[in-house]
Amino acid sequence: MAPPIYSALIISLGLGTTMTFASTHWYLAWMGIEINTLAIIPLMAQNHIPRAIEATTKYFFVQATASATLLFAGISNAFLTGQWDISHTPYTLTSTLITLALAMKIGLAPLHSWMPEVMQGLNLLTGLILSTWQKLAPLYLIYQIQPNNPNIFIALGLLSIIVGGWGGFNQVQLRKILAYSSIAHLGWMILILSFSPPLALLTIIIYILMTFSLFSSFMLTRTTHINSLSTTWAKIPILTVSTPLILLSLGGLPPLTGFMPKWMILQELTKQSLCPLATMAALSSLFSLYFYLRLSYAMTLTMPPNNPAGTLPWRLNPRHNTLPLALTTTSTICLLPMTPAIMSLMPF
1 MAPPIYSALI ISLGLGTTMT FASTHWYLAW MGIEINTLAI IPLMAQNHIP RAIEATTKYF
61 FVQATASATL LFAGISNAFL TGQWDISHTP YTLTSTLITL ALAMKIGLAP LHSWMPEVMQ
121 GLNLLTGLIL STWQKLAPLY LIYQIQPNNP NIFIALGLLS IIVGGWGGFN QVQLRKILAY
181 SSIAHLGWMI LILSFSPPLA LLTIIIYILM TFSLFSSFML TRTTHINSLS TTWAKIPILT
241 VSTPLILLSL GGLPPLTGFM PKWMILQELT KQSLCPLATM AALSSLFSLY FYLRLSYAMT
301 LTMPPNNPAG TLPWRLNPRH NTLPLALTTT STICLLPMTP AIMSLMPF
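Quick note: the sequence shown, position 324, residue 324 per our numbering, numbers continuous.
Bear in mind the hints are in silico, worked out from the structure with no lab data behind them. Be aware that one or more of the hints could be misleading.
Stated by the list, open to error - Below are the EDC-like pairs computed for lysine to aspartate or glutamate, each with C-alpha atoms no more than 20 Å apart in a straight line:
#1 K58 x E34
#2 K176 x E117
#3 K58 x E117
#4 K176 x E54
Claimed, not checked - Simulated DEER-style distance windows between Cβ atoms:
#5 I49 x F169: 37 to 47 Å
#6 S344 x P4: 40 to 50 Å
#7 S228 x L345: 34 to 44 Å
#8 I205 x F169: 21 to 31 Å
#9 C334 x Q267: 40 to 50 Å
#10 F169 x I5: 32 to 42 Å
For clarity, every value in this text was computed on a predicted model and none was experimentally measured. Each residue gets a CB set at the ideal place from its N, CA and C atoms; glycine is no exception.
Based on the sequences and whatever the hints tell you, model everything.
What follows is the structure, encoded as structure tokens:
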């Protein structure tokens, strides 16, 4: 893809999300999401292979269905209330339709089935954009509507945590595993959104940090299959140490950064007298922890292959800039001691 076209598409991605963030009108917010969708489709189809074209087609049809539902719900809400204000959705029917349409856009269970298949057909960079940046605008709108009854958020969140963990079992393609990881983490965000929006924001930020670190590690080693993880030691030995720590942080193990949002979410749910819900969420996260441990085992504890004689790949200078990976990896591993400072700064 030509650099000017690529730059225009990246700028359009930023413009669409910014337009949605700045909107109080349903039509403008919908337009921002559509700009986002239309900008990422050429990025998804830039590799002219059948798998990428199939993934792009699936993504287009799913997003078109969700966008049509969202526009219909917005028009219905304007017809019933007489205004297009995003925060004014007093009717249960329209707010539920809007929530489900946005849940389909970001891949929350049970509207998640497109996400692993689309991710499998993309390269890692486009998959990173789909897993992080493309979630921001719909999540902002979900935060804006805030229905009076939080049960739909609880149901979507808990189901996403379970499906995200259960779906990752027996997967060998790393992009599908990352898709199910995204579904599970989105479940934690939605679960706490109606009780503590600042905590949901903190969860999103830490999720983006961890996901960027993991995708960057896989892009640096060009790894897309679980069997390829055992060759990382021959390419970039330091990643053999850092990537398992990133995976365990995504799983929420202390003393890593990923433990912070899950710990605080469980604490908040307990304060809201939702101990059974907190228990179910904590137990369901063990499914996700299983496949993170499986990836860590495949990367560090399996026998390394016998490389032929010659210059090992790690002796060559990497072609990618590794500074962002170093910064985000450090944040992914070492931020847990800052939890008291973060709690004092954010109005939980």
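Each hint, compared with the structure:
no.: 1; hint: K58 x E34; verdict: holds, 16 Å
no.: 2; hint: K176 x E117; verdict: holds, 7 Å
no.: 3; hint: K58 x E117; verdict: holds, 8 Å
no.: 4; hint: K176 x E54; verdict: holds, 15 Å
no.: 5; hint: I49 x F169: 37 to 47 Å; verdict: violated, 28 Å
no.: 6; hint: S344 x P4: 40 to 50 Å; verdict: holds, 46 Å
no.: 7; hint: S228 x L345: 34 to 44 Å; verdict: holds, 41 Å
no.: 8; hint: I205 x F169: 21 to 31 Å; verdict: holds, 28 Å
no.: 9; hint: C334 x Q267: 40 to 50 Å; verdict: violated, 21 Å
no.: 10; hint: F169 x I5: 32 to 42 Å; verdict: holds, 40 Å
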